[in-house]
Amino acid sequence: MKDLVEYIAKSIVNEPDAVNVEEETNDEGITLKLTVADDDKGRIIGKQGQIAQAMRTLLRVKAAKAATRVRLEIM
Amino acid sequence: MEIPERQDDIFEAARSILSRLLDLMAIPASIAVSDEFTVADEDGNASSVGLNIEGEDLGILIGRRGQTMASLQHIVRIIMAHQMQVRLPIVLDVEGYKKRRCEGLRALAERLAEQVKTREMPFTMEPMSAFERRVIHLALADHPDVSTESTGFGETRKVVISPRNI
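As they're listed, the protein sequences go chains A and B. Quick note on the working numbering: the first sequence kicks off at 1 and runs consecutively. Quick note on the working numbering: the second sequence kicks off at 1 and runs consecutively.
There may be inaccurate statements among the hints.
The calculated lysine-lysine pairs, modelled on DSBU-like cross-linking and capped at a C-alpha distance of 30 Å, are [to be verified]:
no. : chain 1 : residue 1 : chain 2 : residue 2
1   : A       : K62       : A       : K2
2   : A       : K47       : B       : K99
3   : A       : K2        : A       : K65
4   : A       : K65       : B       : K99
5   : A       : K62       : B       : K117
Chain A side only, calculated, beta carbon under 8 Å to chain B, not exhaustive [said to hold, decoys possible]:
no. : residue
6   : D3
7   : Y7
8   : S11
9   : V21
10  : K33
11  : L34
12  : Q50
13  : I51
14  : A54
15  : T57
16  : L58
17  : K62
18  : A64
19  : I74
20  : M75
To be clear, the hints were calculated from the coordinates, so they are not data collected in a lab. Where a beta carbon is used, it is the ideal one built from N, C-alpha and C, also for glycine.
Go ahead and model the full structure; you've got the sequences and the hints to work with.
Right, dumping it as structure tokens:
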């Protein structure tokens with residue numbers, strides 16, 4: 001899961017080196033914690049949260065195929 | 001459709017971003033140029049880049065009312081905009097789903113136009129995405145008897161088809 005978010009995030013920010021994704025697994029599924037440079041936050045979230053929303057949709061497809069659930073938190 | 005040589009790199013870039021995303025999503029699929037959604041201007045330059053994703057069992061990639069496909073298209077567009085100087089609209093299709101939807105919308109537009117003409121009453125369509133509304137507007141742009149406009153905001157924006165001469 002982590003690599004998908006990492007690729008998207010690094011491809012749209014100005015500071016790819018500041019992108020970090022932590023992956024945690026618990027009973028409810030997988031939680032991804034995405035951190036980016038402060039100035040890049042807007043780029044990750046997008047207008048009206050559209051980019052974050054689109055990332056979550058793609059994650060859901062991957063999670064469904066793997067029969068799990070995934071949450072994306074933008075820190 | 002022939003891709004103009006100087007735009008090869010744009011198609012290649014879009015294709016490679018999409019291919020990377022599909023790999024990371026663990027979805028086996030191939031990517032072809034979509035004739036339907038690759039539009040050229042008078043000089044033969046592409047004014048939109050259409051790609052069709054082909055493979056087995058890709059319903060999961062289309063999603064309810066094409067939502068997942070729209071998210072994938074959004075991400076590819078954002079990455080392209082960030083990486084390339086040239087900006088061209090990227091239109092993604094999955095197994096020709098969007099193409100069939102467009103054909104259906106054009107047929108529906110024609111039927112509704114006839115109805116509006118006969119009844120001499122405006123007709124308000126269901127809410128649709130910007131892309132779908134555009135298909136309706138273009139389908140009826142040269143219609144002699146009806147005109148179209150969009151009303152409402154956001155998710156509930158819809159096309160109204162009205163008689164021309166009232």
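Failing hints, ascending? 5, 9, 10, 11, 19, 20
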